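**Student:** If you read the protein sequences in the order shown, they are chains A and B.
According to our numbering, the first sequence is numbered sequentially starting from 71.
According to our numbering, the second sequence is numbered sequentially starting from 1054.
Everything labelled a hint here was simulated from the structure, so no lab data went into it.
Here the structure is a predicted model, which is why all the values come from computation and not from measurement.
In this text, a Cβ means the ideal position worked out from N, Cα and C, and glycines have one as well.
Heads up, a few of these hints could be off.
Stated by the list, open to error - Footprint (simulated), chain A over chain B, 3 or more residues, beta carbon under 8 Å:
| # | stretch |
| --- | --- |
| 1 | 1109-1119 |
| 2 | 1153-1164 |
Said to hold, decoys possible - To list a few chain A residues with every Cβ distance to chain B over 12 Å, as calculated:
| # | residue |
| --- | --- |
| 3 | Val82 |
| 4 | Gln87 |
| 5 | Thr90 |
| 6 | Asp96 |
| 7 | Gly110 |
| 8 | Met111 |
| 9 | Gly123 |
| 10 | Pro153 |
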Amino acid sequence: NAGVTQTPKFQVLKTGQSMTLQCAQDMNHNSMYWYRQDPGMGLRLIYYSASEGTTDKGEVPNGYNVSRLNKREFSLRLESAAPSQTSVYFCASSPHQGTGLAREQYFGPGTRLTVT
Amino acid sequence: QKEVEQDPGPLSVPEGAIVSLNCTYSNSAFQYFMWYRQYSRKGPELLMYTYSSGNKEDGRFTAQVDKSSKYISLFIRDSQPSDSATYLCAMSRSGGYQKVTFGTGTKLQVIP
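Chain B with its partners taken away, still in its complex shape (with noise of 0.2 Å):
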C-alpha cells in the first residue's frame, strides 16, 4: 500500500464549478501538507501548504487538511479552464531533514 493515496481522474468539470481534489495517507507522522500544479510538459509548482491540521485559504483555492481521518483536500473555487492540469499532493514530517512523498496526481480538466 502506497503512504499516500491519489486518485489520477481525469476530473472533467464545467468552468465556474467548485473542485474538490482530495488524497489520502497512512503514516501519522506527516506533519506538512502541500499541494502542487503540474502544467502538461512543465515542472510542478508549489500552490500551498499547510501545517498539522486545519484550512488555509488563498485566493480561489483552499487547502484543507483532516488528520483524524488521514485526508486532505484542495477546493477550487470559480474553476478557470486555466487551472486544467494535474493537481499533486505531497507531505512530509517534521523535525531536521524530512523527505517529501509525493501522490501520484490528479489530472483536472475545466471545460469552457
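So here's chain A without its partners, still in its complex pose (with noise of 0.2 Å):
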C-alpha cells in the first residue's frame, strides 16, 4: 500500500514550458486535492476533485490546469511554466465526501518545481 504517490519528485522547467504533474492515490478515496507550499505563505489549495468526475478550483488556480483521470489518478498542468510557479506541489486524497470532507488528508511526498 503506497498510499499517494508523485511523480516526478524534481524539475526544472525553462519559463514558457509545459509540464504534467502525476499523483495516483492507492487508498481507494474519493477526494484528491493539488496545493503548492511557499514558505511563508503555507499550503494553498490549487484544485480540488470532490469526487472522480468532477474538478474545482481553489484559492490559486491561474496557471494551472488540472484532470481526475480515474477515481484513482488527479494530474496537474502547467502550460506555460513562469518563475512565480517556482514551489514544492503537494498532492493530497481523502475519503470523506460530503459534511467535513477534507479534515483528513493524505498527502504524497511532493514535487520540487524550479521555474528559470
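Hey, can you piece these two chains together into the complex? The hints should help.
**Tutor:** Put into C-alpha cells, the structure is as follows:
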C-alpha cells in the first residue's frame, strides 16, 4: 500500500515550457487535491476534485489545469511555466465526501519545481 | 490579516520537555481543527483532528480547542528528537465541501 505517490520528485523548467505533475493514490479515496507550499505562505489549494469526474478551482488556480483521469489519478498541468510557479507541489487525497470533506487528508511526498 | 496565524519558530526544547504549539484564527465559523506534522522535504502527515471545542488525546499528543478565544494548541509530552519537524495547524468549516485553511507552520527542534 503506497498511499499517495507523485512524479516527478524534482523538475527544472525554463519559462514558457509546459509539464504535467502526476499523482496517484491506492486508498480508494473519493477526493483529491493539489496544493503548493511556499515559504511564509503555508499550503495553498490550487484545484481539487471532490469525486471522480468533477474538478473545482481552489484559491490559486491561475496558470494551472487539472484532470481527474479516474478515481486513482489526478494530474496537474502547467501550460506555460512562469518563475512565480517555482514551489513545492503536494497532492493529497481524502476518503470523505460530504460534510467535513477535507478534514482528513493524506499527502504525497511532493514535487520540487524550479522555473528559471 | 491572515485567517490563521502560527508562530514560525524555530522552537528548541530539550528532550523530555513538554512542548506547546499554538495557532490563533479569526473565522468563528471554523469547526474542524487539525494538526499535521511535516518532516523536512516530506509531505504533511495528519496527527489528529478535533471537532468544535474540547480536548483530544492520542498517546503523547493532546489537541486543545478554545473557540471562545479562537485559539488552538497541540501539546507534546515527553518530547523526543524524532518529534523534530514543522507542525502545521489547519481548520475548516463544516457542511458540504469546505476548504482547509493551513497555518504556515512552527518548526520544532528537540535536542537530545
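**Student:** Take the hints in turn and mark each one as holding or not.
**Tutor:** Hint check:
Counting residues of the stretch 1109-1119 of chain B whose CB falls under 8 Å from any CB of chain A gives 0; the rule of at least 3 is not met. By the rule of at least three residues with a Cβ nearer than 8 Å to a Cβ of chain A, the coverage given for the stretch 1153-1164 of chain B holds, with 5 such residues. Interface exclusion of A/Val82 from chain B stands, the closest Cβ pair being 17 Å apart, more than 12 Å. Under the 12 Å C-beta cut-off, the non-interface status given to A/Gln87 relative to chain B holds; the minimum distance is some 24 Å.
For A/Thr90, the non-interface assignment is confirmed: its Cβ lies about 19 Å from the closest Cβ of chain B, beyond the 12 Å cut-off. At roughly 15 Å from the closest C-beta of chain B, the C-beta of A/Asp96 stays outside 12 Å, upholding its exclusion from the interface. A Cβ of chain B approaches the Cβ of A/Gly110 within 12 Å, the least distance being about 6 Å, so the stated non-interface status is violated. A Cβ of chain B approaches the Cβ of A/Met111 within 12 Å, the least distance being about 7 Å, so the stated non-interface status is violated.
The Cβ of A/Gly123 lies farther than 12 Å from every Cβ of chain B, with a closest approach of about 15 Å, so its non-interface assignment holds. Every CB of chain B is more than 12 Å from the CB of A/Pro153 (nearest about 22 Å), matching its label as outside the interface.
Hint compliance for this structure: hints 1, 7 and 8 are broken, all remaining hints hold.
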